[in-house]
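J.: Residue numbers (my numbering), protein chains in the order written: chain G, 1 to 119; chain Y, 120 to 214; chain U, 215 to 447.
Treat the hints loosely; a few may be bogus.
Cross-link-like lysine-lysine pairs, in silico, BS3-like; alpha carbons within 25 Å at most [what the hints assert, rightly or not]:
| id | chain 1 | residue 1 | chain 2 | residue 2 |
| --- | --- | --- | --- | --- |
| 1 | U | LYS217 | G | LYS115 |
| 2 | G | LYS115 | Y | LYS201 |
| 3 | Y | LYS201 | G | LYS107 |
| 4 | G | LYS115 | G | LYS25 |
| 5 | G | LYS25 | Y | LYS198 |
| 6 | Y | LYS198 | G | LYS115 |
| 7 | G | LYS25 | G | LYS107 |
| 8 | U | LYS217 | G | LYS25 |
| 9 | Y | LYS201 | G | LYS25 |
| 10 | G | LYS107 | Y | LYS202 |
| 11 | G | LYS107 | Y | LYS198 |
Just so you know, these hints were derived from the structure itself, not from any lab.
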Amino acid sequence: MITQLLIILGAALILVGFWGVLTRKHIVKIIISFSILDTGIHLIMVGIGYIKDGSAPIIDQEMPVSRLAGNVVDPIPSALVLTAIVIGVAVTALMLSYAVQLYTFYKTVSIEQIKELKW
Amino acid sequence: MIVVYILLGLMMLIAAVAAIQMRNIVSAIITAGVVSLIGSILFLLAGAPDVAMTEAAIGSALTTVIFLFAWSRITEQMKTDKKSSEHDSEGGSND
Amino acid sequence: MIKRIIIIITLIGLSFVLLPLFLNMEDAERLSELSQTYVTEGAEELGTANLVTAVVVSYRGLDTLGEVAVLFAATAGVTLLLGTKKKGGSVTDLLEERRGGSELLNTGAALLFPVLLLFGAYIFVHGHLTPGGGFQGGVVIASAFVLLLFIESDREFSHSVLHSLEALSGAAYVLIGLIGLWFAAGFLDPRFLPSGEIGRLLSAGAIPLIYSLIGIKVGSELIGVVDSLRRRS
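Produce the entire structure from the sequences given, and follow the hints as far as they go.
T.: Quick look at the structure:
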């Protein structure tokens with residue numbers, strides 16, 4: 001149930017982000033849409049790793065090694081999402097620096113007025 | 120429990136659509152940060168506290184700061200451009 | 215008009231692509247074979263309490279090394295695009311002189327800055343015991359420096375110090391991987407140091423060491439990114 005909810009939510013966020021990327025004209029808005037799309041993908045990946053009634057994969061007094069097997073969520077999607085988020089912020093910074101440079105050269109933030117990109 | 124997920128999910132979707140629809144860029148950036156923040160609550164509920172920490176620290180804090188720095192840099196250049204071409208028409212596209 | 219129809223068709227197609235993902239998914243009752251192995255044997259093999267850290271640093275350590283390399287490439291791109299801008303190029307007149315922070319912001323930031331540094335170091339040193347680790351700790355340290363930028367926007371960070379920290383920690387990371395290749399089972403194997411008892415700070419072999427290096431590297435890289443993206447007066 002929770003897996004399905006997280007996947008629906010992630011898919012909806014991906015669609016919203018994609019719609020924003022396709023329809024907006026302002027370049028900063030497009031980058032914001034990309035970061036929303038990112039969040040949707042992360043939600044789907046965490047949702048796939050969810051185990052029924054699972055808690056975090058951390059050993060302590062409540063969760064000794066013997067109880068670990070059926071009661072914790074999958075650590076691999078968590079690890080993947082962890083690195084994906086950090087790469088996401090670096091790529092967002094790269095996109096934003098391109099946006100700053102585009103403004104410096106073309107003096108506009110609207111992608112419709114950057115004629116060289118049209119085909 | 121399911122109700123909490125659904126409520127948070129609805130808030131997240133509304134914030135995402137609002138972030139894309141808003142005309143003011145600064146409000147849009149901060150609303151996109153709210154999307155990430157609610158996402159981190161969902162990660163925490165789904166049993167991934169590591170991801171929740173990363174999303175809260177990076178997705179909602181540092182990304183917002185980076186967006187705001189870049190946008191303030193663009194608006195700064197807009198101001199100097201306007202000043203250098205003062206005699207042009209007044210209706211700039213700056214918001 | 216035709217553009218809008220194409221966009222709607224694209225979105226509907228994308229939702230059909232995502233649909234099977236949703237239909238085939240129930241809450242899984244148990245872990246897959248590979249995850250089962252990681253979860254049951256990770257604690258005994260490596261001695262980490264936080265199994266996500268075991269996957270990030272050891273089992274999928276090569277992925278993390280590649281990820282750090284991607285981060286470095288993106289940082290280099292940002293610095294290449296924005297970092298070479300000469301200072302004092304634009305003429306800002308005197309009316310535009312930047313306000314300093316308010317009294318509240320200055321005092322709060324001065325109080326919080328050392329605490330945030332300590333907290334970031336705490337997070338990445340305890341990465342094998344509690345949620346958190348090098349990435350999160352590095353970001354907390356970077357946000358402490360962002361706080362410094364808020365109170366004094368003309369502050370210059372020494373880029374040579376940042377770059378040498380980044381290069382040294384990256385090189386030490388690869389070096390530890392090679393030591394693992396020599397003394398333990400494979401590249402980035404942390405078991406050349408004793409694993410110790412689960413739950414102690416000094417346990418889990420070289421995992422705290424590797425995660426601290428990742429934390430220093432990520433922190434200095436993100437400080438560099440923020441510093442090149444902020445506006446220059």
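J.: Please go over all the hints and tell whether each is borne out by the structure.
T.: Now for the hints, and whether the structure bears them out:
{"no.": "1", "hint": "U:LYS217 - G:LYS115", "result": "holds, 18 Å"}
{"no.": "2", "hint": "G:LYS115 - Y:LYS201", "result": "holds, 22 Å"}
{"no.": "3", "hint": "Y:LYS201 - G:LYS107", "result": "holds, 10 Å"}
{"no.": "4", "hint": "G:LYS115 - G:LYS25", "result": "holds, 13 Å"}
{"no.": "5", "hint": "G:LYS25 - Y:LYS198", "result": "holds, 21 Å"}
{"no.": "6", "hint": "Y:LYS198 - G:LYS115", "result": "holds, 23 Å"}
{"no.": "7", "hint": "G:LYS25 - G:LYS107", "result": "holds, 15 Å"}
{"no.": "8", "hint": "U:LYS217 - G:LYS25", "result": "holds, 13 Å"}
{"no.": "9", "hint": "Y:LYS201 - G:LYS25", "result": "holds, 21 Å"}
{"no.": "10", "hint": "G:LYS107 - Y:LYS202", "result": "holds, 13 Å"}
{"no.": "11", "hint": "G:LYS107 - Y:LYS198", "result": "holds, 11 Å"}
The structure is consistent with each of the numbered hints, conforming to all of them.
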